[in-house]
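**Student:** Those protein sequence lines, which keep their order, are chains A, B, C, D, E and F. Going by the numbering used here, the residue at position 43 of the first sequence is 57; the numbering climbs one at a time, nothing skipped. Going by the numbering used here, the residue at position 75 of the second sequence is 89; the numbering climbs one at a time, nothing skipped. Going by the numbering used here, the residue at position 96 of the third sequence is 110; the numbering climbs one at a time, nothing skipped. Going by the numbering used here, the residue at position 89 of the fourth sequence is 116; the numbering climbs one at a time, nothing skipped. Going by the numbering used here, the residue at position 146 of the fifth sequence is 173; the numbering climbs one at a time, nothing skipped. Going by the numbering used here, the residue at position 208 of the sixth sequence is 235; the numbering climbs one at a time, nothing skipped.
Source of the hints: derived by calculation from the structure; they are not laboratory data. All values reported here derive from a predicted model rather than from experimental measurement. Every residue gets a Cβ at the ideal spot worked out from N, C-alpha and C, and that includes glycine. There could be a bad hint or two in this list.
Said to hold, decoys possible - Stretches of chain A that chain B covers, calculated by requiring three or more beta carbons in the stretch to come under 8 Å of a beta carbon on chain B:
id	stretch
1	36 to 50
2	54 to 62
3	94 to 106
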Amino acid sequence: METRRRLELIVERMAQSRAGNILKDAGIKGYTVLDAVAGYADGLDWQSDADISLAQDMVVIIAIGDNATIDRALQNLHQLLDAHIGVLSVSDVQIMRPERF
Amino acid sequence: METRRRLELIVERMAQSRAGNILKDAGIKGYTVLDAVAGYADGLDWQSDADISLAQDMVVIIAIGDNATIDRALQNLHQLLDAHIGVLSVSDVQIMRPERF
Amino acid sequence: METRRRLELIVERMAQSRAGNILKDAGIKGYTVLDAVAGYADGLDWQSDADISLAQDMVVIIAIGDNATIDRALQNLHQLLDAHIGVLSVSDVQIMRPERF
Amino acid sequence: MSSDILLATITSPVVLFFVLGLGAALARSDMSIPESFAKGIALYLMIAIGLKGGVEMSKSGLNLQIGAVMIAAIGLSFCLPLLAFTLLRRMTGLDRVNAAATAAHYGSISIVTFVAATEAIRLTGVSSSGYLVAVAAIMESPAIISALFLAGSAARSSGHIAGSERGELVREVALNASVVTLLGSLVIGWITGVEGFARVEPFFVTPFQGVLCVFLLDMGLAAGRGLRRGWRDLERGTLAFGIIMPLLSASIAASIALILRLPAGDAALFMTLAASASYIAVPAAMRLALPKAKPSIYLTLSLGITFPFNLTLGIPLYLFVAKLIGT
Amino acid sequence: MSSDILLATITSPVVLFFVLGLGAALARSDMSIPESFAKGIALYLMIAIGLKGGVEMSKSGLNLQIGAVMIAAIGLSFCLPLLAFTLLRRMTGLDRVNAAATAAHYGSISIVTFVAATEAIRLTGVSSSGYLVAVAAIMESPAIISALFLAGSAARSSGHIAGSERGELVREVALNASVVTLLGSLVIGWITGVEGFARVEPFFVTPFQGVLCVFLLDMGLAAGRGLRRGWRDLERGTLAFGIIMPLLSASIAASIALILRLPAGDAALFMTLAASASYIAVPAAMRLALPKAKPSIYLTLSLGITFPFNLTLGIPLYLFVAKLIGT
Amino acid sequence: MSSDILLATITSPVVLFFVLGLGAALARSDMSIPESFAKGIALYLMIAIGLKGGVEMSKSGLNLQIGAVMIAAIGLSFCLPLLAFTLLRRMTGLDRVNAAATAAHYGSISIVTFVAATEAIRLTGVSSSGYLVAVAAIMESPAIISALFLAGSAARSSGHIAGSERGELVREVALNASVVTLLGSLVIGWITGVEGFARVEPFFVTPFQGVLCVFLLDMGLAAGRGLRRGWRDLERGTLAFGIIMPLLSASIAASIALILRLPAGDAALFMTLAASASYIAVPAAMRLALPKAKPSIYLTLSLGITFPFNLTLGIPLYLFVAKLIGT
Ligand SMILES: Nc1ncnc2c1ncn2[C@@H]1O[C@H](COP(=O)(O)O)[C@@H](O)[C@H]1O
Ligand SMILES: Nc1ncnc2c1ncn2[C@@H]1O[C@H](COP(=O)(O)O)[C@@H](O)[C@H]1O
Ligand SMILES: Nc1ncnc2c1ncn2[C@@H]1O[C@H](COP(=O)(O)O)[C@@H](O)[C@H]1O
Ligand code: NA
Ligand code: NA
Ligand code: NA
């Protein structure tokens, strides 16, 4: 197995397509989006069921890529998070088909 | 980038707010909750669509924090899992805005 | 805390039960399934809300197990992904109740 | 007990959809109803029931008898768990905590069983009173408190589960979604009265029986899956309890109905409430209060055994008895 | 073919909502219908269709003609994929697996197309029989089996996909949610009959056409997105197949209708079933059975080309022909 | 202003369900309506409103007055944010970006408030015109553009947020789901006319008021949670703005109605549109365009203050004034 990097971006839904653009521009081959249903930050709880506007929903974007791709994305994602609500983390993972990432 | 710890707690929905309280008490700055839709344990499959009572649903709580915060939370989460159904794991992640965690 | 391995399989929903069978056959004690709501691959975006057939939906399967169990599963999961759409990664995590995994 | 009622009950769309769901789940079909859709339907049903009860109460007002029934109902919900607990400890190998948690379900009520009974009663030309919806609502929670006492030290120690807040259980008991929806809608029905209700009737009354069918399909699916999953945890004694207990509860309720001189329709509904077991509010409360108790036991019993028993055999039986004793 | 019917069809709310969804998706509007809500609506539609068919069957009973139509329908569902496969291999560059998977869709049916045809027929004053819902249900799955044979070695090897269970495909074919819901509701309608049905009619009949509009809005959105995504995978020959195939299927069905002496309304529905292509049950089965086949081909073709063709031009045409040949 | 209307408004089921939701959320009950179910209901409401407006327009056609109202409406939606922005900067400590984002909400509209007004008007025996649905739809978005200008440099810099595409904001303004659904359904209603509409009326008209109740329950829950969360971000001046602004907007709209010689019902609806504030379309657009503005301010104000004010006191007041000035 080879090592790649797994980027996990927790970000507001309205910024999902911007984050996607950044990842695509960095050359990522794929990513996956999950719905967050609740959370906590700044001393406040939120819940997607309680939000009629969809303005406060969050999603989790998972993208596995090689070092260079993730590095290219990080710069712009960092800037995205200057404007948008969210949290970013990166970790190492082992994968089996290096040509896919 | 700096290193922090990513806690991932898979726990029954009815214990979500207790887990949240533990994390807040430990001083975590934020966490995010996802819905699990199915799973397996003890030789049995479960599916959220098949559960009319909502008593058997599970959620996944992701919390990124520094060493000390996560350690403070672990003790009580361990105790929570004595009573409640769930699974806990912790891993290292790289983050970009150390002041946020 | 002890170290185990966290397997994360992003796979099409119709292959979920096959993936589950593989994990069970490998001796995994539990796994958890989340719904993906959107994603990107091969230059194409997808969204679960836009898919009336449920044929193109993806799920994320998380399974924490020991080295041997995960290794046993990997071989067959790799084969599964020859036929089915999906992505697989493995990372190390710390856990608290070694007997549970 | 007229076999006509029984036949009419068993071939009613509502029962047949439950059977369809049950069969599909047991045969491992991939049929399923999305959780959020089912939750929406459950909400609709509770609002509709609450509104209708409230409107009828706005017509009839309150009186002493109603007050007496309410007090009796609260008492029943508190006491039935004691009976259930004793039976379970004698008849089955269930430990204290599991017996207490299961007992709570039988002190509480099932609103769908209540509705099915209302419809069965209506079809036989008997009338019933709107305030029984309020009775249903106030019977939801007291049993939870009894169960905590019954579980004893086990329950007390669960008061110290890490992360638990003061008052979280009180909130769960008093402000859980079922109770608030039912009572809230009842009050709204009362305030808005016949006139206001007329405007929402085409949504909350006309299609009600059809929506109920979809919910029963989902309940059948849940019961079937529950039985497949929970089977191994249920011994014969536990299964028997799932049928004996509602009969006992209904008998006690029948005595009370006799004492309070309830009319036949109201007596039948009161018996049905006593005989029915919760599968939404109480399971959730038990996960909070007695997390060591196994849902595979109490849910399978309540949803997989008692609910179908009441739906098919129980209701016609209670109605038959109620007609004998009713004023 | 009267242009009146055509105009009435194209300006019907159902078709217009499909067009709205299609346009919104092509224009990249963010309009969307939550997956679980759409799934709930799909369930509603199938239950409603099944119930209604069952009730009508309870009135008319069974006869030899019905038996003959059923056998013919099963035969059609088995055989149409052969025709589709041959055409696809000749007309397009699709490989064996993709051609087989696509062929399966055309042997199966689209229940929404069926419903739209029922309504169009009703509006022109022609009547049709309830048992055609049963015909629809039994045509859902046989085509899947044909496709497996057509795919040949490719399919056989997929029998060895890691983790696959014995019988999973049989379960998918025989117990998939669409078939169970449709047939189950049909049986319920039959058992409960006119009287039981009357109680649920205000939910399953009265608002049906309106609910259908919402579902067609969702189908339009799905078709539009499918076309945007799948466009690059579809050559001109494949697109042409999406229109030629339903015409051929309808012709074959017309011949059968002639031989079996079906009345005009029934003939039109039978032709519509033959001409329609699946976009819910079969795509799911194909992901299991032939995972190497591309959904972007078969789904785009079925939902983006054949469905709108049938909905707008096909149905009026089949009805026109059916009136000529119908008894 | 007749206290009858006021009382009828406050005891209407729709208002009472809002209050129930509000109370449940403030009391921290776990009552909730699944997001996807609520989104489905919102869609239903918009389609129903659009269709009905379109059908009525198909009857009455277009005329000069309608054109004038439309132009005035666009102008209002553009200009009200300027007034709101000025007020906010004077009355409150909000910075430029938050003031601009909040102002956008008040230039746009709330379709539920509009519907509630339509019903209140209908109940008092006054009639109103279908084209006001079109007016509502075209007032949704212009305010977003004004807000971008008001935010000034802050907005311009947000044009450079990483990952943002050319045209994404234009798409959000012109093709957002609310606008497309409302206008699309309106056009469908127009094309299909009275006859086509008759077929879907049992779904889109008959149960409408009841469905609205469920949505208002959800809005109450959202408003209650918003108030609990957002309380600390709202100073007294901001709260006052939430009531002063709709009164000012309604006054301006009243003057326009007077100039354009609108009949009483139409004038009341036009005033209501001006007075109402968005809580679905504009918040989403603001997250894209002005992400630094806080939803806890603008959403709490719009949903927690202005919406309930309009629903209970505003609508009867606007109707009262409209009757005085209406032709
Ligand atoms: N590198 C990746 N990181 C995360 N998810 C991915 C990645 N590649 C593919 N996926 C997910 O897997 C799905 C199928 O990908 P593929 O098998 O490449 O067609 C995509 O739609 C994504 O949801
Ligand atoms: N440390 C964290 N770990 C996990 N999720 C977080 C964390 N901090 C914030 N979040 C998520 O990101 C959302 C926005 O956080 P913020 O950007 O701090 O307002 C929160 O509501 C959480 O859902
Ligand atoms: N090893 C595991 N990896 C991932 N999820 C697990 C694991 N074990 C248990 N789970 C999840 O936790 C739930 C409860 O497990 P348990 O506490 O073992 O009954 C299961 O239904 C799974 O969803
Ligand atoms: Na009971
Ligand atoms: Na066909
Ligand atoms: Na406004």
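**Student:** Please go over all the hints and tell whether each is borne out by the structure.
**Tutor:** For each hint, the structure was consulted:
{"no.": "1", "hint": "36 to 50", "result": "holds (count 3)"}
{"no.": "2", "hint": "54 to 62", "result": "holds (count 4)"}
{"no.": "3", "hint": "94 to 106", "result": "holds (count 6)"}
Every hint, counting from the list given before, is met by this structure.
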